[in-house]
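Use these hints to put chain D onto chain W, whose structure you have.
Spelled out from the first residue to the last, the chains are:
There are 2 protein chains.
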Amino acid sequence: MTANSARLTGVLSPVVTPFDSDLRPDAGRLARHCEWLISNDVGLAVFGTNSEANSLSTKEKMSLLEHLVEAGLPSQRMMPGTGCCALSDSIELTKRAVQLGCGGVLMLPPFYYKGVSDEGLYRNYAAIIDAVGDSRLRIYLYHIPPVAQVPISLALIERLLKDFPGTIAGVKDSSGDWANTNAMLKQFQPEGFDVFAGSESFLLATLRGGGAGCISATANVNPAAIARLADTWNNSDADDQQTALIKTREVFQDYVMIPALKAAIAQYSGDDTWNHLRPPLVELTPEQRKTLAAALKANGFDMPGLHAAAEV
Amino acid sequence: MTANSARLTGVLSPVVTPFDSDLRPDAGRLARHCEWLISNDVGLAVFGTNSEANSLSTKEKMSLLEHLVEAGLPSQRMMPGTGCCALSDSIELTKRAVQLGCGGVLMLPPFYYKGVSDEGLYRNYAAIIDAVGDSRLRIYLYHIPPVAQVPISLALIERLLKDFPGTIAGVKDSSGDWANTNAMLKQFQPEGFDVFAGSESFLLATLRGGGAGCISATANVNPAAIARLADTWNNSDADDQQTALIKTREVFQDYVMIPALKAAIAQYSGDDTWNHLRPPLVELTPEQRKTLAAALKANGFDMPGLHAAAEV
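Chains as they are written, first to last, in numbering that gives the first Met the number 0: chain W, 0 to 311; chain D, 0 to 311.
If a hint is listed, it holds; no wrong ones were tucked in.
Listed below are the simulated DMTMM-like cross-link pairs for lysine to aspartate or glutamate, each with C-alpha atoms no more than 25 Å apart in a straight line:
#	chain 1	residue 1	chain 2	residue 2
1	W	LYS113	D	GLU282
2	W	LYS94	D	GLU59
3	D	LYS94	W	ASP25
4	W	LYS58	D	ASP21
5	D	LYS161	W	GLU282
6	W	LYS161	D	GLU282
7	W	LYS113	D	ASP176
8	W	LYS289	D	GLU118
9	W	LYS113	D	GLU249
10	D	LYS289	W	ASP117
11	D	LYS58	W	GLU65
12	D	LYS113	W	ASP253
13	W	LYS94	D	ASP25
14	W	LYS113	D	GLU59
15	W	LYS113	D	ASP21
16	D	LYS113	W	ASP176
17	D	LYS58	W	GLU59
18	W	LYS58	D	ASP25
19	D	LYS113	W	GLU282
20	D	LYS58	W	ASP129
21	D	LYS94	W	ASP21
22	W	LYS58	D	GLU65
23	W	LYS113	D	GLU286
24	D	LYS113	W	GLU249
25	D	LYS113	W	ASP117
26	D	LYS58	W	ASP25
Calculated from the structure, these hints are not laboratory results.
Same shape as in the complex, but just chain W (with noise of 0.2 Å):
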């Protein structure tokens, strides 16, 4: 229980995925780029949609989490997506994360099905604690309509915090709709419940808002700038801090998110295996990370300490 008795917050990244030259996940990769999140105060929301985690099979997540936990990273820093369309494939690996300690696991709702109702995703939820039945669960519900299409009503978040408070621990909200962040922040937050914005372009208002900090993207790439952010949130130059955080972010938002974090990492890092994506993404044309890099480098953009991290 030890391990788990401190509660996630601040800046975490959903990390991305390196795969080999044959689309196989690569563990080692992995690795070092979460030691390198690590090293600059970012926890490791592996398995997030910016992680293809749904272009991964339940058995590729085990193994790779358990990679992880064995290479030294620390599960009590990690925030592991467990939410699948399949109630078994939820069940099974969120009982691993908690095996291995980790500080909490980020759940999507079961979203093939479309216009399914409050009850159905109750009845999700409550099925895999009840299956897991560990009181060390920490559940952070993820709301992400533009892309999963199945919304986390409010509704539903206080049927589930009343019902299992403790182990419903909070959100992350990546509606992009600062009105729905801030009516959680303000109903839930209170109770314990945990708010993360779904990027950093809303963490100034989230932390002033008495929430725990975001989860993002591009924490993949710029990991200290936002951490410092979190860090830092009651200086008198936040608002600074916020402004240029959004500017960096905008460069990237000009591209595919996903590959476009990807042909950063690996310009930084010299090392093209990172630009590997599995279908259906595609990795950035020759001519678009021509024009990244132009963009990232206008922009002061570095990756300290990247280089060496990434070596093999």
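Quick look at chain D alone, frame taken from chain W:
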């Protein structure tokens, strides 16, 4: 190669998956329902949308498929759904289906990431075909934009058909858009690409347009009548048959389809276990079951032979 040489044609059913009271898939009941469908000349599109396929793990699907073949059901009349979000899952399932002699596989595109490119979807199918590496493989593309939210465009079909003739065997069009089905019939059916309508509502029109048949949810409960139209569509009563099929289908469409199908099977078999569904889907309320039963009775609906087949 012999077992696969006959093309799948006529009517197939996305066979509903029974679950026991612990929500484990029930292979015995599934096999009995498959026997009843085959006895009514309906093929087995197990692991379709209406099978709650995406609520099953890859391991569970492998095990169920093996059980059906061991139970003596004809694999050459099976078109299991093997398209998953994860490339590795799709490869594993598809390989096994081919090894077991399945007449074809029905493949969803990877459906988590939205707004993906045709290039990415092409690579997904190409990678699976390459990894399976078996000339017996016949892929039926599964176009169901209302649920998957990831469409299979005519341009993508054209490219796949050109590069993998024979292997790209056809499509199930569940768009509900007759103009799209008709475009597929005109553009691809003459090349030996078999177009299946996504429900019996378009069965007669599809057959008149040169198509192969339909794959329909309601074939789970109304198999004989649907198969009869596929068999006698040149008869003078074909339009009357089509009208009657639509009338029966509309009774089910007043409810959420999957629980309604299960409620009818539970009612006509006297086996209440059929009312179990995995979250996020939920069973019909007792009141809904009553009104469904009354509507079916008023329609003269029956499921002859089901009770005996469903006996444990």
